[in-house]
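Chemist: The residues making up each chain are set out below.
Protein chains: 2
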Amino acid sequence: MKNNEIPYKIYLSEDELPQNWYNLRADMKVKPAPLLNPGTGQPLSADELSAVFCRELVEQELDNDTPLVPIPKEIRDFYKMYRPSPLVRAYCLEQELDTPAHIYYKFEGNNTSGSHKLNSAIAQAYYAKKQGLKGVTTETGAGQWGTALSMACAYLKLDCQVYMVKVSYEQKPFRREVMRTYGAKVTPSPSNTTAVGRKILEEFPNTTGSLGCAISEAVEAAAAQPGYRYVLGSVLNQVLLHQSVIGLEAKAALDKVGVKPDIVIGCAGGGSNLGGLIAPFMGEKLRGEQDYRIIAVEPASCPSFTRGVFAYDFCDTGMICPLAKMYTLGSSFIPSANHAGGLRFHGMSPVLSQLYHDGYMEARAVEQTSVFRAAEQFARCEGILPAPESSHAIRAAIDEALACRETGEEKTILFGLTGTGYFDLVAYQKYNDGEMSDSIPTDEDLARSIAALPKIG
Amino acid sequence: MKNNEIPYKIYLSEDELPQNWYNLRADMKVKPAPLLNPGTGQPLSADELSAVFCRELVEQELDNDTPLVPIPKEIRDFYKMYRPSPLVRAYCLEQELDTPAHIYYKFEGNNTSGSHKLNSAIAQAYYAKKQGLKGVTTETGAGQWGTALSMACAYLKLDCQVYMVKVSYEQKPFRREVMRTYGAKVTPSPSNTTAVGRKILEEFPNTTGSLGCAISEAVEAAAAQPGYRYVLGSVLNQVLLHQSVIGLEAKAALDKVGVKPDIVIGCAGGGSNLGGLIAPFMGEKLRGEQDYRIIAVEPASCPSFTRGVFAYDFCDTGMICPLAKMYTLGSSFIPSANHAGGLRFHGMSPVLSQLYHDGYMEARAVEQTSVFRAAEQFARCEGILPAPESSHAIRAAIDEALACRETGEEKTILFGLTGTGYFDLVAYQKYNDGEMSDSIPTDEDLARSIAALPKIG
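Chains A and B, in that order, are what the protein sequence lines are.
Just so we're aligned, residue 1 is where the first sequence starts under the numbering used here, counting upward by one.
Just so we're aligned, residue 1 is where the second sequence starts under the numbering used here, counting upward by one.
For the record, the hints were derived by calculation from the structure and aren't laboratory data.
Where hints are given, some of them may not hold.
No copy labels: a pair is met if it fits in one copy or bridges any two.
Calculated lysine-lysine pairs in the DSS-like style (CA-CA distance at most 30 angstroms, straight line) [unchecked claim]:
#, residue 1, residue 2
1, K80, K411
2, K73, K2
3, K166, K430
4, K430, K260
5, K430, K157
6, K185, K157
7, K430, K134
8, K73, K411
9, K411, K157
Please build the complete structure, drawing on both the sequences and the hints.
Modeler: This is the structure we're talking about:
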């Protein structure tokens, strides 16, 4: 198809939707390092993991070999309610930037959870239901993952218990109400419903909570109730597997119009979106079939790839979860106030960490104010108010397109627009009022949290 | 296509999108009554209207004869960024209700304005730009229309001034921030920027404003600034014309799979969504080609069709706007607190009023708590959190589908899902907390406001 004949939105019909997820690990020469038991320092066995996660999800977590994992029909039916997500040709942004580059974005925000998180939430809820479980527990910060899980559980009539960081529960009540509308039980964390919560409340009665504490409560709550398991929205191998549906759809749509991207860009927090978007492109690169520039964009306030180390670390600040080998700033690192709530994780998916370590992708850190400038520019011409997280990818895509204007190159850029900013208006207000600032950790901050890494591996 | 082979979402390709709007009035035997000058009691001329509205919009307002009005290419290009909107087969809702009915909905909420309002906002902004104007003024209550207009103006680089009812400006800051992100100037109304605002503030210094007052300020502000005109998001004939894109797309998609609806259902406030959704179906009915049951659903708290009178009345509570012949509760009627902000208008589109008067459609009023029950049920199985306004249509669609379960009839139901409820979480919270109640005006309330109607026509 000629470049200017490509429609604004390239949709796939239902029979063109992916039938399988793609497991990137199958094509990696160096596999991601296994999760370790923090007590023994040994790789976690399937049995150990099954105490926390559903059986089939444990299989997916440990499977480094099967390239294509069939998507069960029930999950495909759910996907049909909000997928395929649109692949959009950003004609208006191209014109606004006066660039010869061709810009595409895969928009995952057109569902009530507001982000790509639903892709893995329905999968994890489905396997829990299939195992005959009664319900699942999880934690949520600002609430994107908790909302997605609530929706999936409502659909499958599965009980859903969400530990929501107390400061968000109180100050950001809207996502909490969406979860409640979907029937989830939402508890502000720390709470007196768990031993770990009671202990923290005793020590710090006025604490407003943290994600690390909410994780600990959710894990304890799952273990304490027969028929419950814990689920998690990012970082894990299984999550990247489910999220591969993003990249598979994007690639199928581009193939349909005969387009190959030169550059693939995604924002990176724990890695769920980036890992999903790049999966099939990275697969071709790993197999030597095609080359792509792949760029991870992270906030300068929490720069795990660009300023972290590749080492074993805890996934939670409470240090009760398994150890993962990943790019990390140290589990004791606390990013300063930063509105891209979804990108505040101190570590990174082990799969993506290994790929970055092996030179298959680039990473760059961008500052918050420049991210919101990009968000505003994008919103005004493309008509979508982007999530702050997604706007990190927009920033990098705009910068690459502007570079093309300088060189005259007609590069094709694909980026992931992971979600909408409808629940991030407090941050937009700060930006509109000129009160937003950047916050970059000092070398001393990072040296301190990195020095505290566990001495393993 | 066989019934169970119909996809979850029926999309049109870009070359199947409507090239023309459909002007329902061309097929009406009895035309809607003209707008009257409140001073003279005579029909408003094009010249009089042009002082307030753009020239081409005045032509559209007065044109009762042309059935098809070409959609300018610039507007079609903008539509392509968020249209076609999905026509969804509600398989999950059907299963949940255990009904033999087939349910479809046309979903207009998948854009950042969150509703169908964008369809007319871009048209009105386009004609203003084409006329060489500098900007437009408008009023907004909760902010849906103001957001849509801000987006359209940002795209066309047109100045946008929004008078926002003060209570919403202060208590619902999020839509205000979306408008500001799109570059609009948002002023809490009443304000000291207009004579009418200053007068009201002098009399009632603590007022939190009203839509009627905001309209007056917006009209005055347009008249006071060279190169500005006033625009409005509902009620007017031109708005129904632009919104016909909803029904035209819905009908084209249904035709594609060989489906004819038996019942078409829409919520009705000022009539912009209902008039747009039903347009091509009503056209066939008016021309005697096909019969459809057409149902307008309004809140029991503001029941203009079901308990109002068909008479000339003011469109605003300030009584400075033209008189329109319509179903009305009287411009002095104030509905009690009701979260379906978009359905609180005391009157109704003159086109729809005439059609209802002539027996071409039904109307029913539904109570708020039952509307939110329907919203919750819909959200949990279809995965979309609906706007309270849209949920009125959901309520009626569910009731019709349940009636089919009783009779065993396989009726096909089409309803309009006008928007999402992401900015209505305060209302959802009230519902979740069991604190929502119904509020139905007494006969005495209505008799009083109806007795105050102007004595004309």
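Chemist: Run every hint past the structure and note whether it holds.
Modeler: Results of checking the hints against the structure:
no.	hint	result
1	K80 - K411	between (32 angstroms within a copy, 24 angstroms between copies)
2	K73 - K2	between (36 angstroms within a copy, 20 angstroms between copies)
3	K166 - K430	both (22 angstroms within a copy, 20 angstroms between copies)
4	K430 - K260	neither (38 angstroms within a copy, 50 angstroms between copies)
5	K430 - K157	between (39 angstroms within a copy, 23 angstroms between copies)
6	K185 - K157	within (13 angstroms within a copy, 45 angstroms between copies)
7	K430 - K134	between (42 angstroms within a copy, 28 angstroms between copies)
8	K73 - K411	between (38 angstroms within a copy, 28 angstroms between copies)
9	K411 - K157	between (47 angstroms within a copy, 28 angstroms between copies)
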